[in-house]
Amino acid sequence: MNTFEDYKNLWVYIETEDGAAKSVGLELLNPGRMLADANKEKLVAVVIGQNVEEVAKKAIAYGADEVLLIEGTEYKDYSTDAYANALNKLAIKYKPSVILIGATNNGRDVGPRLSCRLKTGLTADCTALAIDQESGNVAWTRPAFGGNLMATILCPNTRPQIGTVRPGVFKKNEPDYNRNAEIIRENITTPASDIRTTILEVVKTVGENAVNLEEAEIIVSGGRGLGKPENFAIIKGLANALGAAVGASRAAVDAGWIPHAHQVGQTGKTVGPKIYIACGISGAIQHLAGMSSSDTIIAINKDEDAPIFDIADYGLIGDLFEIVPALTEEIKKYKNTK
Amino acid sequence: MDILVCVKQVPDTTEIKIDRETNTLIRAGVPSIVNPFDAFALELGVRLKEKHGGTITILSMGPEQAKAALKECLSVGADKAVLLSDRAFGGSDTLATSYILSSAVKKLGKFDLILCGKQAIDGDTAQVGPEMAEHLGLPQVTYALDIDMKDGDVIVKRETETGYEMIKTKTPAVITVVKTEFEPRYATIKSKMAANKAVIPTITSADIEIDLTRAGLKGSPTKVKKTFTPSVKNSGVKIKEATGAEAAAKLVSLLDEAKLI
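Just so you know, the protein sequences line up as chains H and Z, in that order.
Each residue of the first sequence is one higher than the one before, starting from 1 at the first, in our numbering.
Each residue of the second sequence is one higher than the one before, starting from 339 at the first, in our numbering.
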């Protein structure tokens, strides 16, 4: 049996966007602490970017024992080649035992590149993390078959053990800006000639003020029951009252009522907010696959037999055109009294 | 331009139900389909071929039955298809699968673009495409919504969490494709008949240069410890009131009680 004596410490990769930490990296410091403590290891945050020292400090406030920081102009924007190179060289030098990466688009872009270069195992889009009692390996649990089946995966014979973890599954620790920890700067460069992709343009189609779905704490989604595109206004009204992001079912997206960037489900986004409100969505398995890990699910539908009610914590049976505007008013009233 | 599209035959996961008595997946009677994201990748490939000329080759790893999926691809615009099949490949995780597929790609020839669906709907890992790119030493663009060629460069519209970005890269490259606005086309009766007659070659580990210690269950660094069906939530609170206003008021008071808002 391998002992992997050289490999120690648990890394959390803190993804940045426009120089700020994405929520998922900070979330992962929470389970990261649990896994690191179980094996008496340090919890190390890895930050890559340009001018991202503030992100390193934030990682310490959210629980990191140490930060490895790589800065350079070539890391200003994400590219597969530069980030895979930086993470790979860092991993070879420090030999971590575990690396947690947020299962965002870029996390799932760089993860396989890194694990393949290190010839080790990668478990995708995990929703639960634990230590396997028998072996001390990380037990990575993830959904497969569109959420119909859960699998627990081990990576027993190679190091590091790497996994991408779904955003929104774990809650961030309360930040403590009085915590002190070392920030170690690593000078790893990637020559421009090794970066084989160029970003020509970045376009945000999800409204400027809108929260993005993966990071949202509350999501209000609309489906076929809305009947026509103008009716998304009532979904947006409720979302605004709650400070929520707007989601949609495939039926609403396919009908052209709202851009695909809003779609939740197997062919759209996978989300795990604290509260998910499904309005006029029947709950096809492909939609459930994208939102069933939400903490609290509220469904509003006139069809009492709609499958969405099987997984809803609160099921409101009735006309969404009556209930949703009334709910918007109730929420506003509630917020004013608090 | 010569395009390779990697395709997987998968069970239609939207048809899978769970037997609540035994807590297992009911797979009987579940149709096998071309992985939907692979079908979107093929459609983008066929559109590129229509615009710029070239060929489309399909590569799939799987059992003999997967030829049905390959014939479907031939009926909607692919020129040829190859099945990679060997018992030694069984139980491969994504690292082993991508190693085997990339070994086969090297054998099949030179391609300008290698297209994959972003993920298969049974495994949902989204890892095989990028890992193939790594094995082949190629650049990658994941989550593609559209692909175009301009002045010899590949221009990819890449989906992001907040919209999209336009990425430029060079051939050869690996591109993984999400659901796009270009719905996969339907076969015609004529193209279907032609595809049915097509002879699809099967290649095995003997036909490619491969280190079998890196393939199959033994060559896979990840091991499945257990599988289980997700626990069913206890059915929640039902709210059915005479008016929308009453239902809304009741919900808010319940959420307040549960300290959810």
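Note that these hints are calculated values from the structure, not bench results.
Owing to the predicted nature of the structure, the values given are computational and were not obtained by experimental measurement.
Even glycine gets a Cβ: it sits at the ideal position worked out from N, Cα and C.
It is possible that some hints are incorrect.
[What the hints assert, rightly or not] Looking from chain Z toward chain H, a few residues come up when the C-beta cut is under 8 angstroms (computed):
(1) 370
(2) 509
(3) 551
(4) 562
(5) 574
(6) 576
(7) 582
[Claimed, not checked] Distance ranges between label pairs, derived from CB positions:
(8) Z:597 - H:18: 53 to 59 angstroms
(9) Z:365 - H:334: 34 to 40 angstroms
(10) Z:487 - H:335: 31 to 37 angstroms
(11) H:93 - Z:565: 32 to 38 angstroms
(12) Z:370 - H:130: 30 to 36 angstroms
(13) H:6 - Z:591: 23 to 29 angstroms
(14) Z:535 - H:203: 42 to 48 angstroms
(15) H:93 - Z:562: 28 to 34 angstroms
(16) Z:508 - H:93: 29 to 35 angstroms
(17) Z:523 - H:319: 37 to 43 angstroms
(18) H:20 - Z:390: 37 to 43 angstroms
(19) Z:565 - H:227: 25 to 31 angstroms
[Said to hold, decoys possible] Pulled a few chain Z residues facing chain H out of the computed Cβ check, cut under 8 angstroms:
(20) 420
(21) 426
(22) 447
(23) 450
(24) 469
(25) 510
(26) 524
(27) 526
(28) 529
(29) 537
(30) 538
(31) 539
(32) 568
Hint-by-hint comparison with the structure:
no.	hint	in the structure
1	370	violated (14 angstroms)
2	509	violated (11 angstroms)
3	551	violated (12 angstroms)
4	562	holds (5 angstroms)
5	574	holds (4 angstroms)
6	576	holds (5 angstroms)
7	582	holds (3 angstroms)
8	Z:597 - H:18: 53 to 59 angstroms	violated (34 angstroms)
9	Z:365 - H:334: 34 to 40 angstroms	violated (47 angstroms)
10	Z:487 - H:335: 31 to 37 angstroms	violated (52 angstroms)
11	H:93 - Z:565: 32 to 38 angstroms	holds (36 angstroms)
12	Z:370 - H:130: 30 to 36 angstroms	holds (34 angstroms)
13	H:6 - Z:591: 23 to 29 angstroms	violated (58 angstroms)
14	Z:535 - H:203: 42 to 48 angstroms	holds (45 angstroms)
15	H:93 - Z:562: 28 to 34 angstroms	holds (31 angstroms)
16	Z:508 - H:93: 29 to 35 angstroms	holds (30 angstroms)
17	Z:523 - H:319: 37 to 43 angstroms	holds (39 angstroms)
18	H:20 - Z:390: 37 to 43 angstroms	holds (40 angstroms)
19	Z:565 - H:227: 25 to 31 angstroms	violated (40 angstroms)
20	420	violated (23 angstroms)
21	426	violated (19 angstroms)
22	447	violated (21 angstroms)
23	450	violated (14 angstroms)
24	469	holds (4 angstroms)
25	510	violated (11 angstroms)
26	524	violated (17 angstroms)
27	526	violated (24 angstroms)
28	529	violated (25 angstroms)
29	537	violated (33 angstroms)
30	538	violated (27 angstroms)
31	539	violated (28 angstroms)
32	568	holds (5 angstroms)
Hint violations for this structure: numbers 1, 2, 3, 8, 9, 10, 13, 19, 20, 21, 22, 23, 25, 26, 27, 28, 29, 30, 31, all remaining hints satisfied.
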